Amino acid sequence: MFSSFTLLFMAALLSLALHRTMWLKPFAVGATLIALLLTYSGSSIGLSGFENSEAVRLFTMILEIVLVALILHEEEDMTITQTLFIGTASIALLQSHTLLTFIIAFEAVSIISFVLVSHIKTSAQAEGAVKMFIAGSIATGILLLGAALYLIGGGKLGAPIVLESTTLSTMGLFVMLLGLFYKLTIVPMHGWAADTYALVRHSHAAILTGVAKTVVAVSMFHLFAPFLAEHLTMTVPMMAVLAVVTMTMGNFLALFQKRIARILAYSSIAHAGYMLLAFAAVKSGYASTGLLYMAIAYIFMQSAVFLLLDILRKKYNIQTLDDIKGLAKQHKGLALFFTVQLFSLAGIPLLAGFLGKAVVFYAVVDAGLWYITLIALLNSALSVGYYAWIVKHLYFDALEGKKLQVGSSKVQMISQTILLAGTIFFGIFASWVFVAGNSF
Amino acid sequence: MSPLYLIFGPIVLSAFTALLGEKRGGTVRTVALVLFTAMLFYSLDLLSILPETGYMDLGTYLPVEQFNFALTLQVDHLSVIMLILTSLLLILVTLSSWTMKNATAYFSLLILFAGPITGVFMSTNLLWFFIFWELTLVPMYFLVGIWGAEGRIYAAVKFFLYTHVASMLILLAFFLIHKETGSFDMTVVKESMLASPVLIWWLLFTGFAVKMPIFPFHTWLPDAHVQAPAPISVLLAGVLLKMGAYAMIRMVVLMLPEQSENFAWVILTLGLITLFYAGFMALYETHLKKMVAYSSISHMGLVTVSIATLSYSGLSAALFEMIGHALIISPLFLIAGFLHHKTGSWQMEDMGGLMQKAPYLSALFVLAGLAALGLPGTMGFIGELTILISSIKAYGFWLIIVALASMIGAGYIIWTFRRVIYGEMSETVKNSNFKMNRVEFFALIIFSVLIIFFGLFPSSLFEVINAAFVSLAAQGGL
Amino acid sequence: MMTLSFLLLLLPMIGALLAFTLGLKKKSYAFWTAEVTGVALFLITLILLINYKAPIDIPMTWFEVGSFSIPFGIYIDKLSLVMLLIATGLGLLDIHFAHDYMGEDPHQPRYYAKVLFFIGGMILLVSAKDMVGLFVGWEFMGLASYLLISFWHQQKDPADAGVSAFLFTRFGDIFLFAAIGLLFYFTGTLDLVKLNDLSLSGELDKNMMFIIAVFIFIAAIGKSGQFPLFPWLMRAMEGPTTVSALIHGATMVNSGIYIVARLFDFYVAAEALLVVATVGALSAFIGATSALVQKELKKVLAYSTMSHLSIAFVGLGVGSLAAGMTHLVNHAVFKALLFLGAGAVIMSAHHVKDMWRLGGLGKKLMWVALFMGMGVLSLSGIPPFSGFYSKDAVIASAILNPESFGLISTLVTIAGLLSMAYIGRLWFLTFAGEPRDKALFEKVTAPSAFWILLPLGIMAVATLIMGFFQGSIAEMVSGKAFEEPHVTGLFFGLMAGITLLLLIVYYYYVKRPDITAKIAAQPLMKTIHGILFNGYYIEKMIFWFTHNVVIESFAKTINWIDRHIVDAAVNGMIGLSQKVTRIFAHTHSGRVGDNSGAMALGLLLLLAAMVAGGAV
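Each protein sequence line maps, in turn, to chains A, B and C.
Number 439 marks the last residue of the first sequence (this note's numbering); no jumps.
Number 1124 marks the last residue of the second sequence (this note's numbering); no jumps.
Number 619 marks the last residue of the third sequence (this note's numbering); no jumps.
Everything labelled a hint here was simulated from the structure, so no lab data went into it.
Fair warning: there could be bad hints in the mix.
These stretches of chain B come out as covered by chain A in the derived footprint (C-beta under 8 Å, 3 or more residues) [said to hold, decoys possible]:
1. 728–738
2. 767–779
3. 818–832
4. 951–960
Chain C residues, not near chain B, derived (Cβ > 10 Å throughout) [what the hints assert, rightly or not]:
5. D103
6. L170
7. I534
8. G593
Since we're looking at a predicted model, the values are computed, not measured.
Using N, Cα and C, we set each Cβ at its ideal position, and we do this for glycine too.
Can you make the complete structure from the sequences, with help from the hints?
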């Protein structure tokens, strides 16, 4: 059965052959576009343990669009290949329906992430990679421990997750969740993220935080939501508390950072907290749509900002806020892209980030937890502080000292445009997501 | 023309104009002027086809049934009045910014502003209302942060954050409303459907109180107004504050009448405190533009008091005062900013004897100041008179203290005249040149003419205003 | 009739606009526009008077707010007509006089426009059918007064005087404004005639009526320069003398009395007249005594104005509408005469206002001295000049009324008598004796007959002739036939007192000024002089209060609260955020070991929570 999954997989393998030729990028982009068409026409992996749905289809299409953008941006051959591989694994993860397929796909994504960041050129990158790797290993261990407990307690590998009413299976599920939280950067499994996202190459970080995180979130929700919904009294307090702690910690730590990458790293952690709220709100019918929306918004925004950072850092070594003072005067386009995506992260309306947050926050209200929403909203307001602060440097400050000759390649601008279009489109036209969200 | 174009058109248009280079500043300026004039004519046209009471449907777009989230556009007299006021002010702001630097960016931002503000007044879907409400903050942030004075960054960030936090409360209230009624449509939602009206009332009241602003949530305004370039202060005072008042009327008083009755004393008390508190702040102030800012807050306190009457005449009086306030405070801001621009000083003690050097400018300043203190013949008097009568009728004779506030106003206005306009010419004034661009001066004249015209013939305005609230006459007979 | 009424109201405003715009082309156009407008207004008034059959009553609605209807109608009865005659007649003479007086001034267009605007305000005031129109006219006049007092705003003193005038009167106006609100609330009507009728019917709450009446009276105190809101009137002398004559001698300051007269029935029913009489008597005394020691021509006249307006108030306050209003009419004429006469003196003496530098001017300014002398006689209350009759009537009424017999009647009698003293002093110092500043005396020029002497003469003759028509005037203003109150012996007592004072003043100021100087040098005299010269230090006290209490204490405190509490709370958020961030930052050491440890800890905690939570 020819599906986007198989196509991407083969494309990834083939791409290895095209390294150091000029055909790599067009080939990769082309393959992803064809995959997009395949997804649109409703292809699915077709193996047992995998299941497609409207939501998955939509998200996969978006994933593919973002992959196109990522590939267009990337100049390093190996990363392009890795991107294709991660795309493949992601599709599998998204469609995974049973515990076994989920764990396998999840690990696939994880391992490819490790490989991705193992392209080490500086010691900082090394630090980031190592931290991620060690944390990831521990997390995997916890995940497998949880899985084992679950299985011993009566769960089945080849079936969707259902809670048998044994203590062991309950424990197992919770422990699994904890392990998965590592990838989602939820407290207390988040420690590695701030450093890794900030230290590794920004284009890699884009994949880690943009693609991997959202894919994991969506698939986790798909798998665990029924369980969560059945046992609200247990799960809701845990999810809510973790979500609140994560978002608060992330936002506050982002506030006074000087290096942009760090700000965005902590912001990423905070956003994970918002996403977790959807897990706490499963009682509401809107939770699934909310998560889906947030994931869609997030994948666009986060990839965009880290790719932008990549442009700024790679050629001109712009790292801190001071470095971007007055950038708007020199490079209108970059500043504009950056600003819009930052505002989307902040939750400014007419941008996808707002609707994503709005639906999730609404779901929390709908689930009867309006005071949690209040905290989340205040957190969101707090975050505006640092996003607006970055924008301030771009536009309000005068150009200092050296005149940077900042420029970017046309292809990278196209990539940004794609991502911007996504952010804006889903900021205005919400019905697609809602239709899809209903059939999670 | 579909009103959808009026909302999203400017947003898209601004993207295009922003791409034109710096040299095309004049073109963008003209585009802005044309756009706002078109808006004005459109709004006036709407006024003529409005039904006597109730809403007129302008279409529903971008529906998302699952979430009751559709861009429902409906207008009634209140919204159309706000639209007319807004477009008029946008035109005048454009005229007053005729010589602004970085014109392309500046006017593009103004154009960007026009879209959401139209949406605020036109949309009856609470979530879309919120979207547009929030969006207006973005161009303002940039307008203050880039073209403002020395402390602009602090002011812009403070303004953005403070009002944004308030908006979060509003969003929460909207969420609760949807949860409890199943609808985001403000024309459908009735207070009786709500399960937690008290909480919702307080969330909405606090959120809108920050915008109006009401004590103690007013401290963002002096900084924002002072640091913003003068035409943007006009926009802030004339449009943004009115957004808050509009929302307060629409969503607090009209949508939640029972709770509003229960808590009317809160609105009244805070309004009175604002009125006097800001008046005294203005009295003590020696910074010219800050004084105007506090005067502005004080007048919004007056509006708040009138809103607190929850009555037909009280709300009508409030709306009149809102319009009057916008028209009166604008020339004061514009001239104060202009004086700073030409003399380099904000302090009133550095000025003096301006009448001798710039008689016509001074005369307009005096006119606006007299209107601010409520001199008959100007809109200010009508506003004060009607508010006095309405509030006494609603709350009893002790509301005559509102008249006392007028005395404080007289105090700081006349004192300002003495320090800035009259008296001996100061060195600073002697050495400065006060030639104002013709177009900018023309804007001041329009303000002055309107202030006097509606001060002498208020019935033309009241006919429209009364229609906005006549549905309240059926209840209470006030 | 209706068209004439509208014309009467609109013409001054149109005239003002024309005067300004035409005057910009050529200065004299401003004057001629004003003169023509003045003549037209006076003629219209005369026509209205001659053709008077019944009050002109034109009800109109200004606008509707909600369910309230705000009226703005026209009502011209005999009382209005008398006031209109004064306003337009004296207004015309004043404009005429200004031709020479303001002839050299570069800002004539502004001047005439403002004067016409002022006259328009006065016309509106007395022609208004409702409190709203009255208030608008009231405020218009206040504005014109402010602008004209600070006409020479380039200098410090006139500018300060303008501020003083506006704020003092505004303070009173606030009470009028509040009264309007109260009237609307308690009576439902703002119609002046209806209010009077309503008050007589006994339907209204007495206490509320009293409060409203007092509030309105406070506004009257402000506008008419009564205690304690009189200091502005003295400062107002910084304006051109023609302004002082018209506004602060003859017309605007009468508004206070007018409004009490207009609502006389209301005041009777509210039993507030005693308040009026008391304040009036006190002010009369203060004004008269302060006028005794002033050294500037105009200041004497200003205090005199205060004092005589008080006398008019007393007349009203003791129940005699006729006496009070007649005195107002008489006073308007002779005060305008005196002020313009003083203007002629000042002009001729090259803008010297200090009487101690004048003297002996009678030789050079014979006609002025003569006309002013007639004004002096009228003001002192010597028959057959008009001033006598009304003052006598007021004093008599005060004595006859049992409520006011005692302090009030004594004070007002003293004030009445002292008029001779201070005005005689003024005349003698200025015109009689030897010139005190010889160099100045040489430079004194005689004024033009047509422009200066003519108006003076007209007014002088008028104040004499009016003495024979007091009955008609009284009837016109009160609507009833006038019965002269009679107190035995009063006439002789007053005449004796006046003559005595005249002789005393003549002696001490003309014959033996050296004794006067010696008496004045004594310490007790110096103190008393200080008190009287400074208007009993009322102004200083008010300034002190406003500056130190209102501004420096109250406003300053609010400013402090705003900066250190309200706003500090907002700014404090930043500091708070930093603290919270630091707490969080402790958990982020960046060390891998710590991260892993945290993860493991998390796992353990989770297990513990589940055990505790009973999930296991």
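Results for each hint:
{"no.": "1", "hint": "728–738", "in the structure": "violated (count 0)"}
{"no.": "2", "hint": "767–779", "in the structure": "holds (count 4)"}
{"no.": "3", "hint": "818–832", "in the structure": "holds (count 5)"}
{"no.": "4", "hint": "951–960", "in the structure": "violated (count 0)"}
{"no.": "5", "hint": "D103", "in the structure": "holds (26 Å)"}
{"no.": "6", "hint": "L170", "in the structure": "violated (6 Å)"}
{"no.": "7", "hint": "I534", "in the structure": "holds (28 Å)"}
{"no.": "8", "hint": "G593", "in the structure": "holds (29 Å)"}
Of the numbered hints listed earlier, those contradicted by the structure are 1, 4, 6.
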